[in-house]
Amino acid sequence: MSTAPMSSPLLETAAAEPTAVTDPHFVRVALRSLRRNKVAALSVFVILVLAIVAIFAPLLAPHDPLHTFPSGLSNQGAPMPPGGKFLLGTDESGRDVLSRLIFGARVSLLVGVIATGLASLIGVLVGTIAGYAGGIIESILMRITDVVMSFPLLLFCIALIAVTGPSTRNVVMVIAFGYWTYLARIVRSLVLSLKEREFVTAAKTLGVPDLTILRRHILPHLAPAIVVYTTLGIASSIMIEASLSYLGIGVPLPQASWGQMINSGQQYYQTAPWLLIAPGICLILTVLSFNLAGDWLTDLLDPSDEVTRR
Amino acid sequence: MIAWFLRRLLQMVLVVLGVVTLAFIFSNIVPGNPARLVAGPQATPQAVQLIAHQLGLDRPVLSQYLQYMWRLLHGNLGVSYALEDRTVSSEIMGALPFTIQLAIGGVLVEILIGLPIGIIAAYRAGGFLDRALNIVALVGLSMPPFWLGLMLLYYLAYKVSLFPLNGTGHPLVWYLVLPSFTLGIGGAAFYARMVRTTMISVLRSPFIEFARLKGMPERRIIFRHTLRHVLTPVVTMLGMDLGYFLGGVLIIESVFGLPGVGLLAYSAIGTLDIPMITGTVLVAAVFVVVMNFVVDVTYTLIDPRVRLSRR
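Chains L and C, in that order, are what the protein sequence lines are. Using our numbering, the letters of the first sequence map in sequence onto residues 1 to 310. Using our numbering, the letters of the second sequence map in sequence onto residues 1 to 311.
It is possible that some hints are incorrect.
[Claimed, not checked] Derived list of chain C stretches under chain L, where covered just means 3 residues or more per stretch with a C-beta under 8 Å from a C-beta of chain L:
| id | segment |
| --- | --- |
| 1 | 88 to 94 |
| 2 | 105 to 119 |
[Claimed, not checked] Listed next, with one range per pair, are the computed distances between beta-carbon atoms:
| id | chain 1 | residue 1 | chain 2 | residue 2 | range |
| --- | --- | --- | --- | --- | --- |
| 3 | L | Pro62 | C | Leu17 | 34 to 40 Å |
| 4 | C | Trp4 | L | Arg32 | 56 to 62 Å |
| 5 | C | Ile135 | L | Leu125 | 46 to 52 Å |
| 6 | L | Pro62 | C | Val136 | 30 to 36 Å |
| 7 | L | Pro82 | C | Leu301 | 53 to 59 Å |
| 8 | L | Ile52 | C | Val160 | 36 to 42 Å |
I should point out that these hints are in silico values taken from the structure, not numbers from a laboratory. C-beta atoms are modelled at their ideal positions from N, C-alpha and C, and glycine is treated no differently.
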């Protein structure tokens, strides 16, 4: 999934540290590598800007995103093109597109971060237990993972939302529930090889309890993989949220979400293409930034070599 | 070998059964009464009850489940609730041709675009072209397919009437160009990155160096020696993608108005058509599981070092 890391002395030293993320110097190492990697620096910058926009949305938005402006529709009742009072135009109900985009950033980031966080939690838990316990427990957990993985993810989401009804909270739950399988598989395979390592055997021989071994000797080694796949997972989660909202079963109206803006704008795409272009560009920029950041973290932390190295 | 095969088969059946059970559970805990939806808004309570009885909905869920499984064993997917008198299998069979052709188109786009870009990037590893292609690939990966589809429709079908606007027609291939491109572009980006990574590591290996020292022409090195190694991960992904696409790609089908399996499943969820939901999900799962199996077998054909029994 990752590109081959171009070896540079700096990356080598960073990757040679077995627990780069838990390393107290991690922030300094990361910042130094960002100074060299302009593309990664840009992506981190975009993510920071997005976070600020999302947090301060009410202060930054020029208008109320839910308010229907009488001046927002032409005499024929069509959306207004960009310019004038409405910088990016208005939508089919005469609402300000820019303000809706700004509040949409809130939804995307919130759903992306929380859903991925939950998915990572479940994935790490299932993967660690399966890998460490082995035997029947492992078989059962991995078959469950297979079943969830073979279930078409989007249909899975749609079915779950049909059960629970559309709401932002349900979108988060559904994405988390469909997405944990990926991390579970990766973590399991990492744990499988970690538990054969000398320091784990040594700890076991000394009579260290299993939970302590997991916490002290296994979890720290999983950190790079968790960080990388969580970052990439945020990109996917944002995409799934947009897809669900596009299909009309994600974030419910009138709350603004980028996918849903594209959905409601698509019937006007011949006369008002700005309704599609603006939210689309926001989505691409956001997802791209998280993907680029994930790439950079992969090079920096080298999650796969973590175990096989030495 | 035979033991491996049998174990694999049992595993596949178990996963499919699990998926069907999950779909069945979901459909049955949906709040709402399918009988009411079938009967229509004006129906009397008696009529609703009668329909519920005809559909077997008044029986305990467990007995409904067992009956469904029993029929499934005989290859019977049941009769649709919403579309009267139509069997689930005939509806799925009607939708499958669109989905199959779309899936093949999508996979073709993935290879035809992804493979060459990956190879070129690997040859220019670290250079400007490589970095530029990497960013292009990442943009491709980050583009929401429904948005790309709409943009293509707006510019290539509406502004410039290069392609048909929507739906299906004759010849179908013409109507599938834009959907296939939209479907395959994300995968193409993914393949480009994967091929690049594999290719770089293969190009650094001793046997390639030896071939170079021997004075073998570069073209021969690529086609005879390098591509073979690059193909292994590509085949894995290709098989998995094909299985996934064959289950129906709702987003693409809905943007372009193609009546495939994805749309069938989507509308079934809207009308609480339980046999249809379970049926479409079953078909999707079978494709995924079977393609995974095909991939495992293909491994051994491409790379004789892989032994089936080890997996």
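Against the structure, the hints:
no.	hint	verdict
1	88 to 94	violated (count 0)
2	105 to 119	violated (count 0)
3	Pro62(L) with Leu17(C): 34 to 40 Å	violated (55 Å)
4	Trp4(C) with Arg32(L): 56 to 62 Å	violated (50 Å)
5	Ile135(C) with Leu125(L): 46 to 52 Å	violated (35 Å)
6	Pro62(L) with Val136(C): 30 to 36 Å	holds (34 Å)
7	Pro82(L) with Leu301(C): 53 to 59 Å	holds (56 Å)
8	Ile52(L) with Val160(C): 36 to 42 Å	holds (40 Å)
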